[in-house]
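**Q** Those protein sequence lines, which keep their order, are chains A and B.
For the first sequence, the positions run 1 to 339 when this note's numbering is used.
For the second sequence, the positions run 1 to 60 when this note's numbering is used.
Mixed in with the good hints, there may be bad ones.
[Stated by the list, open to error] Derived contacts from chain B toward chain A, CB cut-off under 7 Å, selection only:
#1 19
#2 33
#3 35
#4 36
#5 37
#6 59
[What the hints assert, rightly or not] Partial chain A-side listing against chain B, Cβ under 10 Å, derived:
#7 27
#8 31
#9 33
#10 58
#11 60
#12 127
#13 130
#14 135
#15 320
Since the hints were made in silico from the structure, they are not lab data.
Nothing here was measured: the structure is a model prediction, and the numbers come from that model.
No residue lacks a Cβ here, since even glycine has one placed at the ideal position from N, Cα and C.
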Amino acid sequence: MDPGAPFAYEAPDMSKPVAIEDRAASQPALWSDYLQLLKPRVMSLVVFTAATGLVCANQPINPLLGAVAILCIAVGAGASGALNMWFDADIDGRMRRTRARPVPTGKIRGAEAATLGITLSLFSVMLLGMTTNWLAAGLLAFTIYFYVVVYTMWLKRWTPQNIVIGGLAGALPPAIGWAAAAGETPLNAWLMVLIIFMWTPPHAWALALYTSEDYAKVGVPMMPVAKGAASTRKQILIYSLLFAPICQIPAFTGLGGPVYLAVAALGGAVFVLLAWRVFRSRAGDAPDERIEGEDRLYAVRASSKDARNLFAFSILYLTLLFAALLAEHLAKIAPLELL
Amino acid sequence: MTSPHDDMPPVPAAPVDKAALARARRGRNIALAIGLVLFVVLVYGVTLVRMGGHVASRPL
């Protein structure tokens, strides 16, 4: 651990963390609690990116089959969320952001969440395979496995690179959507995956810079906890400098058109500017002992604003990129193919 | 999976409200029923699309 790291942190035990005990529900579970297990907000982003992949494949697909494919991908993502909530209930209950989730609050028992997750995983993969093709189903099964086993059970509590590698799970939905429509995943499908994959670290670390206290408390080695805020801010800038040019590539490979290029170029510039501001800020730093009283608190909070701005803009930028691709393909605007 | 986690705060014992329990169970059952009906409709629709037209006149 760097001496400058803001919070006390001990390397976590590499053995499997103790899953939460099935506890008697203190209040009856509503259907909406089960829906919450599926992380509906994450599902909405998955639906959006998968639908973009499906449309960008430019292959005729029956609208009902297309809708079922998107539903299966959404349910698969939800199943991953339920399994994640089952496994992580012990740390979720001690973090501000997650302590109201249904398992740590005792509304739903851990075993129930796990059963729901496994059932929906099987349901979504099988139905996607029978409805579209087994390449798409295989990719969905791999995504669920990667998120639950590789990220949640292994990487998350073990390495500061957890969200870098684990980000692959969140990046795959466009390729699944593409495969569902076309039965193959050409370079452009993987380009969409690459964009989300490279977007994940600056996005997640910007959030972690101002929530690292929670992660430190439960021993999750997020980058600001394990390597310190200064190192995290530098890595955010490096990833942003790589991410912004990568976002321009679709305009050269026949995937994106003029609208996409404009959004990617302008948004990319803003993204790098915000990352630069984070790099120059003191976001995530512990309060300076030399500053007295209220000023000390204000100095830290003000610098966290740069991290909040980058976090918020990162969501907007990714949404706009995929919205531009979706709109261009629906409006049949010819891609640029600059190469 | 079943051993207790020492760090978890104990859940306070709440008085059992039988009416609330029944309401919650009814809500869950209705949601499950809607989900099952939608699933049946979905599979029916997908089957029609996948089979295509003129099913009766296909070569046996």
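**Q** Look at each hint and say if it fits the structure.
**A** A quick look at each hint next to the structure:
1. 19: Nearest chain A Cβ about 10 Å off; hint violated.
2. 33: Not OK, violated: residue 33 of chain B not within 7 Å of chain A, min 11 Å.
3. 35: Interface hint status for residue 35 of chain B: violated (9 Å vs cutoff 7 Å).
4. 36: Interface hint status for residue 36 of chain B: violated (12 Å vs cutoff 7 Å).
5. 37: 15 Å, violated
6. 59: 23 Å, violated
7. 27: 6 Å, holds
8. 31: With a closest approach of 4 Å, the residue 31 of chain A hint holds.
9. 33: Holds, because the Cβ-Cβ distance from residue 33 of chain A to chain B comes to roughly 9 Å (cut-off 10 Å).
10. 58: 20 Å, violated
11. 60: The hint is violated - residue 60 of chain A has no Cβ within 10 Å of chain B, the shortest such distance being about 13 Å.
12. 127: 8 Å, holds
13. 130: Holds: closest Cβ of chain B sits about 8 Å from residue 130 of chain A, inside 10 Å.
14. 135: 17 Å, violated
15. 320: 32 Å, violated
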